Every structure is written in C-alpha cells, then in structure tokens.
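Asker: Since chain A is already given, all that's left is putting chains B and C on it; use the hints.
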Amino acid sequence: MADEILELNDGTDGLVLVGIHRRGVQIAERLAEVIREREGIDIPRGALDITLYRDDLQTVGPRPVVGKTVLPVPIDGMVVVIVDDVLYTGRTIRAALDELADFGRPARIMLAVLVDRGGRELPIQPDVVGKQVEVGTGGRVDVCVLALDGRDEVVVTGVGSGA
Amino acid sequence: MSAPLLLTGGRIVDPAQGMDAVGDLLIIDGKIASVGGTIQGPDGARRVDCSGLVVSPGMIDVHVHLREPGREEVETVASGAHAAAAGGFTAVAAMPNTKPVTDNQAMVGFVKRQGEAAGFARVYPYGAISVGQMGETLAEFGEMVAAGAVAVSDDGRPVENSHLMRTALEYAQTFGIPVVEHCEVMSLAHGGSMHEGVISARLGLKGIPSEAEEIDVMRCILLAKLTGGHIHLCHLSSKGSVELVRWGKDQGVNVTAEVCSHHISLTHEAVEGYDTNAKMNPPLRTQRDVEALQQGLKDGTIDLLVTDHAPHHYDEKEREFADAPNGIVGLETALGVNVTWLLESGVLTLSQLVDRMACLPAKVFHLPGGTLAKGSIGDVTVFDPSREWTVDPARFKSKGRNTPYGGRKLRGQAVRTIVGGRIVFELNG
Amino acid sequence: MTILGKDLIGLAGLTREQITTILDVAEPLKAISERAIKKVPTLRGMTVVNLFFEPSTRTRISFEFAEKRMSADTVNVAAAASSVSKGETLVDTARNLEAMRIDMVVIRHPASGAARFLAERIESNVINAGDGTHEHPTQGLLDLLTLRDKLGSLDGKRICIVGDVLHSRVARSNIWGLQAMGAEVAVCGPRSLLPNAIREMGVQVFDRIEAAIEWADALNVLRLQLERMQLGYIPSLREYNRIFGVTRARLERAPRDLLILHPGPMNRGVEIDSDVADGPHSVILHQVTNGVAVRMAVLYLLAGNKASLADVAKGGAA
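Quick note, the sequences are listed as chains A, B and C, same order. Here the numbering used here is used: the first residue of the first sequence is 1, the next is one more, and so on. Here the numbering used here is used: the first residue of the second sequence is 1, the next is one more, and so on. Here the numbering used here is used: the first residue of the third sequence is 1, the next is one more, and so on.
Note that these hints are calculated values from the structure, not bench results. The model shown is predicted, which means the values in this text are computed figures rather than measured ones. Glycine included, every Cβ here is placed at the ideal spot set by N, Cα and C. Keep in mind that a hint or two might mislead.
If you want the ones that stay clear, here's a sample from chain C, every Cβ over 10 Å from chain B, calculated [to be verified]:
hint	residue
1	E17
2	E54
3	A99
4	P195
5	M201
6	W215
7	P255
8	V283
Straight-line Cα separation of at most 25 Å, BS3-like style, residue types lysine-lysine; simulated pairs [stated by the list, open to error]:
hint	chain 1	residue 1	chain 2	residue 2
9	B	K317	B	K409
10	B	K363	B	K112
11	C	K38	A	K68
12	B	K99	B	K317
13	A	K68	C	K150
14	B	K374	B	K31
15	A	K131	C	K30
16	B	K249	B	K317
17	C	K30	A	K68
18	B	K298	B	K363
19	B	K206	B	K225
20	B	K99	B	K397
21	B	K363	B	K206
22	A	K68	C	K68
23	B	K249	B	K363
So here's chain A without its partners, still in its complex pose (with noise of 0.2 Å):
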C-alpha cells in the first residue's frame, strides 16, 4: 500500500497521512513506517474524528464519545491521503471528506483503506486498497491492530453472497 501511495503521487512532496479513528490512526502510522524505512522521510501524520460529521446521529443511539482531530501541517495545496481500516458504505469517508474541506483546500484527496468489503451507499471509490474482499450486509470485518487490540488480524465472519 506505501508503494501504491508513492507511486500515485509521484514520491513524498507535500503528502499528509490522515487517519480516521481510531484503526486508520494505527494504519497510517504503519504506512507511515514503511515510507520511512523505504524513503528516510517522515511524512506528516494526522488523525480525523469524523463523529460531528455522521449523518446519523440521530438514530445511532448513546452519543458516540467525541475523538480528537489534529492536523499537524496546514493542508492547503497537499495531498492529503485519507487512511482507514476499512471501507464499507462510504459514508465515514463523506463525512472525512466535509471535515477536511473546514481546516483548507488540498492539491488532492486519496483514500487508502486496508480491506474494501464492498457495499457501497455513496460514489466513492479507494486509490489504494490492502485487499477486496466481498461480504454481505450480514456479515462483519474487524480489523485489529497491535497497538489497540494486541494483535494484527483481518477477521471477516458471516460471509455473504456478496449481496
């Protein structure tokens, strides 16, 4: 995934990784890692809190706990690669979207996401994706990672048809 980053924007000039909490913290610093190792730069790394965001918030029952945003860079004129564990409807990623446009105006916006399981609500589509994989409306993705859940795993349970 560094690689297909690096690749589409044609190195590390003016590249923020953005994270959605809590998991696309955790990826994008990982991403953020091997970019290092390969490259000997340290990109900048921000994490979003897209919960004031949520066109849901109505219906979603207890009021989810508010994260913080940070942005450590002005993002006007950058590529603002937005990384999350993974993508389902799109909504998560609308709501990344309007937030960003209230802290500036970047050159692009990617999307980076570890599992795409379909099932899409809205027109977005990842640049980069870790792996596809198909799962019905019943069935779940869980993405642990080291750092939150003490071991790094992809598991999907209840796999669909594909709806």
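Answerer: Chains B and C alone, transformed into the frame defined by chain A:
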C-alpha cells in the same frame, strides 16, 4: 320537614356522651329524637341500614375558604358546601378573605344566605377582625355576630399590630366569640415559599422559618393572657408552636388551636420537584414537626382538625413555584387523610378522631351539634373507616383540583352526610 | 440508554460518570473554536431557542456561540419575566414555541424550578441556563472543566466557594458537581448570605477568608449582587471587601498556589480586587473559553433525546 330518618345498626360513636356502641339513631323534625339500642321508628320513617359503618356527630371544619364573593370561578359557597358534604362535613366556617372582605353585617348575611340556599353543609360565616383585613380599624363585631358570624379572623394574614390584637381579644369577649389568628411574622416570612431547611436550600427557594409562626403564637398567647380573651390559633405547623400552646394551656390561658390534615401527613419533601400542590402557608415542615403535631392532637394540646380548604383555579397553580398561590383543597380528602395518618397509625382512637373533627369544633366555636344527644340538631356523619379509595381530583365536587393527594390511596370515606335530618350526600356504590 | 436524559436541569443527581462524559466530550470540542472555520455540521437543521427571562449577556452569548458552532439554527427570545397578574405565562410561552416545532430550549428564568417546569411540559430538550437561585449547570460544568484542566483530577481537591451562597445558583451547581467528582467543598461568606442548612449539604463553612485561602486549592469567587446591601443582608460593600474580598495581599500569604475562578461579571474592588482578577492565579478567561466547549458538549449529548419512561415515571427528567 322531611320524613323521620332512622339509621339502623351503625356503630354510634359520640364522645360528647361517652358513647361507642352498635345501635340505631332516629331523627325527627331535624332533631335527634332517640339514640342507641334498637329503635322502632314511627310510621313513614325512612330506614337506612348503617351496619358496618360509623355513625358520628356531624363533622365540622372551622377553617375553609369558599371564595364567594369575588372569585366565584374558583369556588362558590354552594360548590364549597357541596364539597364539604361529600367529604362528610355537616358544617363549615368560611373565612372572610373574600373580595371584598367579609367585614360587615351585610357581607356576613350574604354568605350565610348563600349557604342556606345551597342546602348542603351548613355554612357559618367568619367576620374580619379589621376593616378590609387591613390591620388598622376594628370591624363591627357586634353587627356581624348578629348577622350570623361565629368568629372573627384576618386569616390569610396576621394581625400585625399588637394593640389591635389586644383590642380585638377584649372586644370579642362582649359577644362570646373566639378571635382566630393566622400566626405569621410577615417580615420573617417575606418572600418565602416553603419551609426553611435543607430542601429549600437545595431547591433555591426562599424559606419560611418555623419561628415566623412561633413568635406570633407566643405573642397571641400572651395577649390572651393579658386580656382573658379567647384566642384560637389557626393551622399550626411546627413543633415549637405545639410546645408554646402547651405552655399557654398550662398557664390557664384561654387558648385553643387547630391543625390541618396536610400538616399531620406530609413534610417539606413533598415540595421536591417544585410541586405547587405542596405549596401552602404555613408550609409543610419536617417529620419532627409532623410527629409533634400528631402528639399535640393526641394529648389535647391541639384541639381540633381543619382543612384550610383553599381552592385555586388550575392554571393559577400551573406556574413557577415562587409565583404560585398558597393552599390546597381539603374538604373531600380530610377524612381519608385523618383516618389514614391518625387512626390507622394508632395516633388517635376512633373516638378521639370524632372528638377532634366533630365535638371539639362545635364546643370551641359554640356551634350547634357536636353531639348525638337527644334534642340536639340532626347533623350526622356516616362513614366507613376501613374503606380504601383512590383520590381522583376530577371527581371533586369542589371547583378546585389542587391537591397533593391526587392518585393516592386513602382509607376512610364518608358514606352519608346528614344535615338537619336530611341526607345531603350519599356515596355511590 | 443515553448518557443524559431529555434535559439538563441541574448537576444535582448527576453521577460522576455522567459528568465525566460531558467533560470528556467537551475536551475535543475546544479545538473547534480554534479553527479558521469554527463550525461543525452536527446539529444542522435543529432549531434552538434561547429563552431568556432575565438579562444575561455572557451566558446567552456563550450558548449562542456553542449553538452556531454546532450548526444549529438559533433564535433569541428576550421575554419579560411573567408577573402574577399580567403577561403570558411560562407554560403558554412554552407551548407556543413548541407549536413552532423547535428542538431545544435554553432557558434563563428568575424563578427557581422554572427550567424543570418547562421540561416537564414540552417534548423539546431543555437546558437550564440558570433558574432563580436553584442551579446553573453549564456554569458548574465549565468550572469543573477549568479545574480539571488545571488540577488534573478533582479527587480530594479542596474548593471553596466565596460570597453570596444563599442567592447563588452557581454555588449550588458547583457544590453538587464538585462533590460528585470527589472534591471537598467549603463555603466562605457572611453568615447572612449562607443558607442556614448549608452544613447539611455536606460543605464546610469558613468565617474568615484567610482561613479559606489557607485551606483551599481553588477559590470560586461569586459575584456579590449589589442589591444585597439594599435588602439589608450586609451593611456595606466597603466592609464586605475588607472582610471577604479576595485581595493580592491575602493571596500572598497562601501556603500554595491558588486558582481563582469567578463566574462573572465581576465587581472589581468588591468581591475581588483587580490585581487578583488580572493576576497569575486567575483562570477567569479560561473559564469563559471552556464555557463554549461545555455548552457544545451538552447540546451534542442532549440533541434529540426523548423523555425515557423512567423519567416520565419520576414526573420529570434528571
């Protein structure tokens, strides 16, 4: 005159005669003709089976507000007297804080006639102590008594001027009526809307300390001591007041006192949630006060039970606590509340309860009734002390709905109310 | 279950967990006010009415900023407090507003219990912005957030509320909030301005400001309403300042660094001297900043909550 009325098989409780036995009671021409044992009624007598029920002298509430004239949309003499009958009262005494104030013979006569026209419970008017209840000039006691007033009071507010109170106590002796004081030091109670204590501190409501009542209780007792007049103290609410009255009686002062049903049953905790139906003056106080008041009733320090029936229009109570008016309706819940909190809990015996609700009010206020002795007026309350019922304000005969007992289960309810030998209320079912 | 019920009427009865959640939510919301675009779309399409029956600049503006930064539509209604004899009653005002299909009401009213009264009668969420001398929960929360920012945990911390506790809704909200968060609470002021039953509320009483300063980690200095003197609670403002005023000379004798809070607006030279208000101990402007974040958090946590069956059974909401 209505037909002779024969009540059969009831438990006749008449503390005035020391009577407590199952028997019959005959009323002819509005007067008690015969009491106790088995009575063969005259031909044409209406027989009413009272077995399983208590037959007592008619209950009298000497402290009600009937709002007429002036606030007829809230209560009238007729609706209030109807409510009284439904609550088992054969007579009430109506406070003079009407609009205009009942402070002259014409007004007293008006209230009395409205009561007679209604034909439910008897209505005895109060006259005001001072003209317009302004606390300045003595009202014409003599003419008011001649027109039917049974006592004088500025209730709703105290007689702050001690000279005026002294004069009233002296002058009232000429006519043999009690002077009835609403005990409150206004400068201490000013702006208060509940008992001053931890709950008022928590709710951020200005409190009324017990002392606002007690200081006036003491003043009145001392003035009665000075003058030899009869002071009757309204709606006592605090332990300290009970102790002061006890002292006064020990001193031989001509002091009598009353307590409201709500003050022997509820505490200031009822105000939590800013329930305006728990707002009254004097306010509900602490459990300690409730117990002292119950004890005072038991040992005779406090003579009698009243309601301080104070109807308000529903939207007057539907507002911010501090701005809501004081008072609750009580005529239709008093018997149930008194039975539940005094009889069921063993504070009073049945005979004592009847004494405090029927005999002593008549005695203290020199009213007819208060006994079932042969020859006395045919005012009788028939009630079921064990009947359980749920308070539903929508069914009140009173126009007022403002009660803190709505939805509560009470024990004890009037079954028949008889005034002058005529049944003025009968419980359905 | 939602974290809060339908309404925020007071801090009395809120648990440590509930208060902690509000403060935790407020924390990231602080940053929104630091952005160039100070706005998130969270409450887009919701209508909030700021119903103020008492003049208030600070609290109303703070709520309005909070609402606008959450993208709610806001309407300010400055109503005269209804008198007993004239004017529309509170319940009529409420029903009229609700008939216009609003979502939330922020109410400031001179009568204790008015916020709860309103909450029990309308379906919209109600936030108490100060009712009489009862509570001012968002002020209490912003004080807690400020203290937590500066002191870390509130557990075992000693906070003394100074001044007219008797007439202060800020004092009551502080007492319940601080106690829920594990702090020790004291009050200091003339006895004529303390409720008689103050000790039954679980707080200590200091008669001397010097003793309070020696004891406390923070002082929350209340505004002394100038009419208290006219009503005879204290003889003069001059004497009040001499005996209870928080002055630099007094703070210099403190055994440790004290935080000075004040809910505003200040009477400089009465309850607090200027060099204290503007000095290094003062966190007064930090309180104002936190006020917006705390109110955003409350709006976020309440929006759309319905009265639960438990609330209805209790005849009201928490």
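Asker: Confirm or reject each hint.
Answerer: Here's how the hints hold up against the structure:
1. With 10 Å as the threshold on Cβ separation, the claim that C/E17 sits away from chain B holds: the shortest Cβ distance comes to roughly 22 Å.
2. No beta-carbon of chain B is positioned within 10 Å of the beta-carbon of C/E54; the least distance is around 13 Å.
3. Every beta carbon of chain B lies more than 10 Å from that of C/A99, the smallest distance being close to 17 Å; the non-interface claim holds.
4. Chain B draws C/P195 into its interface by the beta-carbon criterion, the shortest separation being 4 Å against a cut-off of 10 Å.
5. Interface exclusion of C/M201 from chain B breaks down, the closest Cβ pair being 6 Å apart, not more than 10 Å.
6. With a least beta-carbon separation of about 22 Å from chain B, C/W215 lies farther than 10 Å from that chain, consistent with its non-interface assignment.
7. Interface exclusion of C/P255 from chain B stands, the closest Cβ pair being 31 Å apart, more than 10 Å.
8. For C/V283, the requirement that its beta carbon stay farther than 10 Å from each beta carbon of chain B is met, with the minimum near 26 Å.
9. Restraint check: the Cα-Cα separation between B/K317 and B/K409 comes to about 23 Å, which is no more than 25 Å; the hinted pair holds.
10. Under the criterion of a C-alpha separation no larger than 25 Å, the hint pairing B/K363 with B/K112 is consistent with the structure, at around 20 Å.
11. With a CA separation close to 15 Å, the supplied pair C/K38 and A/K68 stays within the 25 Å bound.
12. With a C-alpha separation of about 20 Å, the suggested pairing of B/K99 with B/K317 holds against the 25 Å cut-off.
13. For a cut-off of 25 Å, the pair hint linking A/K68 to C/K150 stands: about 19 Å separates their Cα positions.
14. Our distance criterion of 25 Å between C-alpha atoms is met by B/K374 and B/K31, whose separation comes to about 8 Å.
15. A C-alpha spacing of about 37 Å is found between A/K131 and C/K30, which places the hinted pair above 25 Å, so the restraint is violated.
16. Pair hint B/K249 plus B/K317 does not hold up; C-alpha atoms about 38 Å apart against a cutoff of 25 Å.
17. Taking the CA atoms of C/K30 and A/K68, the gap is about 10 Å. The hint holds against a cut of 25 Å.
18. The suggested pairing of B/K298 with B/K363 holds, with an alpha-carbon distance near 17 Å, which does not exceed 25 Å.
19. Restraint check for B/K206 and B/K225: the C-alpha separation of about 34 Å exceeds 25 Å, so the hint is violated.
20. Distance restraint check for B/K99 and B/K397: the Cα-Cα separation of roughly 22 Å lies within the 25 Å cut-off, and the hinted pair is therefore satisfied.
21. The suggested pairing of B/K363 with B/K206 is violated, with an alpha-carbon distance near 38 Å, which exceeds 25 Å.
22. Distance restraint check for A/K68 and C/K68: the Cα-Cα separation of roughly 20 Å lies within the 25 Å cut-off, and the hinted pair is therefore satisfied.
23. The hinted pair formed by B/K249 and B/K363 meets the criterion: a straight-line CA distance of about 16 Å does not exceed 25 Å.
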